[in-house]
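Trainee: Sequence:
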Amino acid sequence: MPGIYSSIVTRDVVNALEVGLGYRLGCDLFFLAYDWRSDYRRLGGLIELEIRRLQSRFGEHQKIVLIGQSVANPAIRYWLRTCTPEIRESIGKWYAFGPPWRGTWNSVYMLQNGYWPATRKYHGFSAEAVGTCPSVYQLLPAEGRMIDRRGERIDGFDIFDAGHWRDAGLPCQQANLAGQLAQARDFAAAIAGTHPAEAAVPQTWFVNAANQAVSAALEGEGNAPAATSLETIRKRAPEILERCQEIGDDHFPLRHITEAPCGPLVTSLDAMPWGDNAVVVSRAHDHRALINHGPNLYALVKDMAMLRCTADHLHV
Numbered sequence: 007m008p009g010i011y012s013s014i015v016t017r018d019v020v021n022a023l024e025v026g027l028g029y030r031l032g033c034d035l036f037f038l039a040y041d042w043r044s045d046y047r048r049l050g051g052l053i054e055l056e057i058r059r060l061q062s063r064f065g066e067h068q069k070i071v072l073i074g075q076s077v078a079n080p081a082i083r084y085w086l087r088t089c090t091p092e093i094r095e096s097i098g099k100w101y102a103f104g105p106p107w108r109g110t111w112n113s114v115y116m117l118q119n120g121y122w123p124a125t126r127k128y129h130g131f132s133a134e135a136v137g138t139c140p141s142v143y144q145l146l147p148a149e150g151r152m153i154d155r156r157g158e159r160i161d162g163f164d165i166f167d168a169g170h171w172r173d174a175g176l177p178c179q180q181a182n183l184a185g186q187l188a189q190a191r192d193f194a195a196a197i198a199g200t201h202p203a204e205a206a207v208p209q210t211w212f213v214n215a216a217n218q219a220v221s222a223a224l225e226g227e228g229n230a231p232a233a234t235s236l237e238t239i240r241k242r243a244p245e246i247l248e249r250c251q252e253i254g255d256d257h258f259p260l261r262h263i264t265e266a267p268c269g270p271l272v273t274s275l276d277a278m279p280w281g282d283n284a285v286v287v288s289r290a291h292d293h294r295a296l297i298n299h300g301p302n303l304y305a306l307v308k309d310m311a312m313l314r315c316t317a318d319h320l321h322v
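Using my numbering, read the sequence shown as starting at 7 and increasing by one per residue.
For the record, the hints were derived by calculation from the structure and aren't laboratory data.
There could be a bad hint or two in this list.
[Stated by the list, open to error] Now the in silico label distances, taken between C-beta atoms and shown as ranges:
#1 ARG155 - ALA311: 49 to 55 Å
#2 PHE36 - LEU271: 26 to 32 Å
#3 ARG48 - GLY228: 37 to 43 Å
#4 HIS291 - GLY51: 32 to 38 Å
#5 ASP18 - ALA39: 14 to 20 Å
#6 ALA198 - THR90: 19 to 25 Å
Beta carbons: idealized from backbone N, C-alpha and C, even for Gly.
Assemble the whole structure, with the sequences as input and the hints as a guide.
Mentor: See below:
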């Protein structure tokens, strides 16, 4: 039930922008649909088409505000680093909610167990189906830490090497696993670190520090697959759980954000540099709730109001 589910996820954002700033869905507030299963490198082309459509309607100098949720943000980062300066300058600001810059072990868990976005009560995707999606491999944890039963890090483990998947008990039944991992390695390298083209775009990130995230997986033993979630690690080897987790949200460690932030880390909105770059560190319920978290919505609306002091902007 994707229509109903997507409405539940985004309704609070729409309400905040309509009530707080007077936007109207379909008038100056737009959602860009994309297939999460597809190669994220293709999303930039769709964004450019939408920007040109909006500028043909509102004027060629119209600035656009981008609001990205979760996995859309690596795709946006990739695009901003490769698009023309002209199209990049059309972005008034980019708000990134829960950007998994360095991937997540959740992607491997999906490859092991499938993906049910609206719980198993509704239609989902089997592990075999997930394994055909380029995007899932592009979300692999780039640092790829794997530990053994003693809690020691396995030196030399390469998350992008198909042979290492077999050795560690990761799912390797896909016929084109090596090819998928190769394109994922290229994508991870393309969005790693900082880049002057992307840094030229004003941006604010919203991240979480209320949960624990998997920072290292436990290798498989015998017929047991690798443990890639906190639940499976806790069941199999509770004594080493602390070595496998870090503070963050339930998708990735906060460290992935704080090592190369776009601006100052803000844990209280009293210290928010309104209108400037910032990383808002909140305590939302989980990763998915970041975009509906009350303080985050307040910060989004107030910061966007600051943009209106200098120019008119649209939200895509």
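Trainee: Confirm or reject each hint.
Mentor: Here is what the structure says about each hint:
1. ARG155 - ALA311: 49 to 55 Å: 53 Å Cβ-Cβ, so the 49 to 55 Å window holds.
2. PHE36 - LEU271: 26 to 32 Å: holds (31 Å)
3. ARG48 - GLY228: 37 to 43 Å: Because 40 Å falls inside the window, the suggested range holds.
4. HIS291 - GLY51: 32 to 38 Å: For HIS291 and GLY51 the Cβ distance comes to about 34 Å; the hint holds.
5. ASP18 - ALA39: 14 to 20 Å: holds (19 Å)
6. ALA198 - THR90: 19 to 25 Å: holds (22 Å)
In this structure, none of the earlier numbered hints is contradicted; all agree with it.
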